[in-house]
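*Asks:* Residues per chain are reported as follows:
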Amino acid sequence: MPYNIAMVSDFFFPQPGGVESHIYQLSTKLIDRGHKVVVITHAYEGRTGVRYLTNGLKVYHVPFLVIYREATMPTLFSFFPIFRNIVIRERIQIVHGHGSLSSFCHEAILHARTMGLRTVFTDHSLFGFADAGSILTNKLLKFTLSDVDHVICVSHTCKENTVLRASLDPVMVSVIPNAVVAENFQPESYLPQAQDMGYMRPRPMPHRLGPDDTIVIVVISRLFYNKGTDLLIAAIPRILATHPNVRFIIAGSGPKAIDLEQMIERQMLQDKVELLGPVRHEEVRDVMVRGHIYLHPSLTEAFGTVIVEAASCGLYVVCTRVGGIPEVLPAHMTTFAKPEEDDLVLATGKAIAALRSGRVRTERFHDQVKMMYSWTDIAQRTERVYDGITGAISEQEFYGQYPSASWNATRSRSYVLIDRLKRYYGCGIWAGKLFCLCVILDYLIFLFLEVWAPRASIDIARDWPRKPFINDKNKPVENGMLSRRGTDLMDRRNGSLVIR
Amino acid sequence: MFTGTTQYLEVYLPSPTTVSFTVTTRRPRRPTATSTSTPTSKSRFKHRLRFFKSHILTLTVLRHVVRLVLVFYALLLNVAKAQHHRHHHHHQQDTTELNCAFDKYAQLALQLSLGGGLVKTLAERTEWWILVPLSLAVIYLCLRRDYVEESLLVLQGLGIQTSTSSRYFFMGATTTFIPTTQIQDIVIHEAFQGLAVRFYLAVIVEGATEVVVVFPVRQDAFVPRGSIDHIMSTI
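In order, the protein sequences belong to chains A and B.
Take the first sequence: its position 246, counted from the start at 1, is 246 in this note's numbering, and no numbers get skipped.
Numbering-wise, this note's numbering comes out as the position in the second sequence, counting from 1, plus 1000.
Just so you know, the hints here were simulated from the structure itself, not pulled from any lab data.
Misleading hints may appear alongside valid ones.
Said to hold, decoys possible - To give an idea of the chain B side of the interface with chain A (calculated C-beta under 7 Å), a few residues:
(1) 1188
(2) 1190
(3) 1191
(4) 1197
(5) 1200
(6) 1202
Unchecked claim - Between beta-carbon pairs, the in silico distance windows are:
(7) A:77 / B:1128: 58 to 64 Å
(8) B:1188 / A:77: 28 to 34 Å
(9) A:32 / B:1144: 54 to 60 Å
(10) A:454 / B:1026: 45 to 51 Å
(11) B:1026 / A:77: 58 to 64 Å
What the hints assert, rightly or not - With the C-beta cut set under 8 Å, the calculated list includes, among others, these residues of chain A facing chain B:
(12) 47
(13) 49
(14) 63
(15) 81
Glycine is no exception: its CB is placed at the ideal position from the N, C-alpha and C atoms.
If we strip away everything but chain B, and leave its shape as in the complex, we get (with noise of 0.2 Å):
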């Protein structure tokens, strides 16, 4: 794929010396937001709109929620067949300290999470070699972030930040700041990136041997059609 996936720029301007600029792979959160995707017709779309922004809160909650419970419930089978394997194996062989504290522990959780009858049937019916990968996957999948989020903060006067976030939900984002003393200019210019020619937006820095992208992390991550004049004019 060489023509990257649909990006949405944000601009949003939190006092009148600061712009901060976003760039994203997800759908956007604020749909006034100057974005490069195709202007939808505003009548029809409308009341499903104001319902979207009313309850954007409730539905992050709720997807997060929802990865959470999904993370514990695969790590509890986990433990759940651990403790099963280890009731059927020794019999009673090793009563260290730290083995009973981890069985009183398991008990105590399987009766108390919900449906912890259910999980200690289907750890004691499955096989370790299918338990662990699929509760990996499972896992990985919960917790990996499926867009990118990318973003250049210009504080009039001080310098440029650039973030970039991170792969994985619950980490934080990765951040540089140029202050604006080391940068010796901004310029925008083509290069070759897989079987297209783009545009980026590079950052000189003063004594680094190599120059800064601005919007870095992925083939697709760069900045989206059109936006980067816009970009330009406002720095």
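Extracted from the complex, chain A is given alone in its bound form (with noise of 0.2 Å):
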């Protein structure tokens, strides 16, 4: 069944960045397969308003007040209004709110529920349990996933993670990985595949280094105290101390970068060391594939896309042995070194002999990511866990069976306020009363809407032609919406072709 879904973060383009891929790619993969999706986001500096991005994504930039890293303030009620218009202009059924940090999203997430409509939250990083900011910020998460229908998490070390911090039931949270489109991600001599050739297709030759050879090392990332820069600046003097034939390129900026450019002047390795300052992720590529080895000395990380796109052009990963990190790459691919100084040298010393003396088929690293991570996969997988929410298949089905479970009770949320303030008042001695304030309060507000802007006098948007909606056995179904995509004249604006 073909849902209309809102994405609701704060985090979108023209910001770059991973959650915004991540809802850009979903989304559009979504629609391919016959959904309709609008991305609800805040306004940008010169980006406000409705927007259209290609295969028809629609995009409500909406006026707000940005406070902290383009994160909006928590005004908690304030969007109501307009995202009830949206909503019901739009004919939205599942709101999909992205990034823990984001108060868009738990706001929509609790206006959602109190409209009556299925909730879906993706969480895109980990946090800790012990300072301020985190006790806040797993506060404000275990208020919004109190009363959410199910969890996304993009690792197993995210799931556990949020499971923790917001008291979850386990069963309520997926794992969907992040994916890459692997055709951004060519190493520089791929061959693709040709549909005709089969097997004869000529493999790509192993490519040896001899003892002599550079080998070059890439570090893509931001320059912050979480991404391990510090562990970087103590690693790459001692690295090239013992392998005088390598070489970094290191890409990416933030306040760290002064602390690094100290280094390299201090220990005068401007000649192995070379800073390209920030990249922009198209260009990401084009660095990658300069270097036979990416390294990765990140202390905290949900998922890390990045060591992906690296495999994918074929580059070996030395990376730290923390958070989802581990689960993301088959063990071939990568070398793991604890989260020190010692530790990652060593590794590093590892991979570079395992380069040299030809045990890694780097070569083939790229068909094998493209085997592994597809957005279409992803898209899928979201969209059975829109099917369970929503009842298109049953719970058993979809949560899995456990007959000798004692908390085996029914886990599809209901509605009624008494229920979801039962839900709220669990959450602390006085959190919980005062969850249940808010909610109250949102109620009252949500009724008072119904009558000051009734729903009768809200237009409904125009879809975009949808497309032929994509069964749960990959065979395209009519929509029942349209037999063709657009109209002559759509075609004619466009200047698209014409096909009968």
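Combine the two chains into a complex, taking the hints into account.
*Replies:* Right, here's the structure in full:
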């Protein structure tokens, strides 16, 4: 069954980043499968109002106050009228929020539940439990996730983290990883697979490195503390001291860039370490293919899309064993290190030796990654989550059967206010009561809005012509909307080819 | 108020190649015209509608006459007050020709108009600070137009003309004509307005830096619900 889905997040293009591209790719692939997707985000500089992206993805840039790192001010209720208007005019059935630091997403989930819609939340990051900021974020997360229908995490580590932070039933959390567009991350000497060649396709020749050939190590990351820049600064001189034929290329910017530059000047490594500064996402591939090894010294990472991209470019990956990273790539593509200086140097040494001896077949990585990660697959799995929460597939099939479990109560969340209040009340001694108050207030605002701006007075937006819906057997089914996409007029307007 | 007041769309076809769309916040003059208001059950109101139809001209004229009379009396009160004031404070001090003429005319106006004596006594009794703001308010209320009427006239092969009624009575509408040769495209798009998302019809004019929004005046003057398709199909 095709759904109308609203993706809500503070983070979307034009700002670059992992969450942003995740939302975009997922939405595009869901549209390809016959669903209707709109994105609701806040207004960026020079980008306000309603916009259409390719493939008919509609983006609402709601004018709102931005406070910190492109996240909006948490106002709890002020977003409700506009949100309600958009939801009604687009006939939204499922609200899908992204990113635990986005207040837009949390508010949208709360309001959507009040309006009687199904909600999904995707968590993209890991958080600690100890410092003040984390405690606050975790409390907020607990508030929203008390009444969410389903949660998606990008890795199993992330799932564990989220389950603990928000005290969720683990069955309610699915793991759906990120993916990469493998076509955008091809190795330099890659022959695209032709249809008719099949087994006769010429295999790329293994490129052997001699003992004196230069090995280039690439690092692409934002230079923040949590990305392990300090570790990198400590490790570089030691790696270069033991391996004379090694060069570094470092791309990215951030507060730790100064430390890095100071280290290079102090150790006089200007001829061995190249700093590129910030690079755009579409240039990342061109930087990656210049190297042989990708070094990822991050201290915390929920998924680490960049190492998948690196492997897809045919780079051998050296990374720290933290967060969700160990789940991401198979063992033959990576060398793991503990997040400490000595071990990182050791692991890099091992990786260099492995490359020189020709034990790693990096030229095969691209095809393997392409098999493992694709957005189409991600969209399919997300769709199954939607099916599960809307009841298109039975609860037993969706959640699995646990005959001996004592908590095997019904998991479909009812919209009745008293049931919702019960769920919120369990959040804490004081927080529970506070949350209940917020929910009651939200409900009253909802009732007020129903009178003030009645549903009948809101225009229904016209849908972009839908693509044929793809059913669970991956066969296109007529969408019941239109037999042909678009009209003649539209074809003439956008100059597309008319196919009869 | 972010839903706006009720609006009505009237479509008028003066000739086969011309269409006129009018969006107004006033109740429609021609009840048969296409409007987005809920259609009333016709049998019940039929005789009422007929009554309205036959008397619509008389009613309009009557309303305007009442407006004019009220404005006239408001002015007259001020004139009487001014005259009274002069008589009391300056006893034949300045007898310039202008002042004499003013006196004469004021006297004449008071004598000729209905209830001149009443006006005079009223003017003598009330204070300046009450009279002036009150009369200003009356004049403003009488002359202000309580509805907005916007229209779009499409002339086939010539161009389109948008017109917006002025905010006061007895003043002409603002019109803009865009010839066909300058129109690049006509689009319907959405925008945030207040706490809602609205559709609007815009004309992209060649050489202009901004698009021309067709029904532009007020927040609630956007095209009424559902009628934009109608307009677009006709264009």
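*Asks:* None of the hints should be skipped; say for each whether it holds.
*Replies:* Hints, verified against the model:
Taking 7 Å as the C-beta cut-off, the interface hint given for residue 1188 of chain B is violated, the closest approach to chain A being about 9 Å. A least Cβ separation of about 4 Å between residue 1190 of chain B and chain A falls short of the 7 Å threshold, and the interface hint therefore holds. Taking 7 Å as the C-beta cut-off, the interface hint given for residue 1191 of chain B holds, the closest approach to chain A being about 5 Å. Annotation: residue 1197 of chain B was flagged as interfacial toward chain A, and the flag holds, the nearest CB pair being 6 Å apart, inside 7 Å.
Hint status for residue 1200 of chain B: violated, given a least beta-carbon distance of 11 Å to chain A, over 7 Å. With its C-beta approaching chain A no nearer than about 12 Å, residue 1202 of chain B sits outside the 7 Å limit, and its interface hint is violated. Taken as a hint, the range 58 to 64 Å is violated for the pair residue 77 of chain A and residue 1128 of chain B, whose Cβ atoms sit roughly 50 Å apart. Between residue 1188 of chain B and residue 77 of chain A the Cβ separation comes to about 31 Å, which falls inside the hinted range of 28 to 34 Å.
For residue 32 of chain A and residue 1144 of chain B, the hinted distance range of 54 to 60 Å is satisfied, since their beta carbons lie about 55 Å from each other. Taking 45 to 51 Å as the suggested C-beta distance range, the pair residue 454 of chain A and residue 1026 of chain B does not conform, at roughly 22 Å. Distance hint check: the CB atoms of residue 1026 of chain B and residue 77 of chain A are about 36 Å apart, inconsistent with the given range 58 to 64 Å. Evaluation of the residue 47 of chain A hint against chain B yields a violated restraint, the C-beta minimum of about 13 Å exceeding 8 Å.
Taken as an interface hint, residue 49 of chain A checks out: its beta carbon lies about 5 Å from the nearest beta carbon of chain B, inside 8 Å. Proximity of residue 63 of chain A to chain B holds as hinted, the smallest CB-CB distance being about 6 Å (cut-off 8 Å). Hint status for residue 81 of chain A relative to chain B: holds, with the closest Cβ pair at about 4 Å, below 8 Å.
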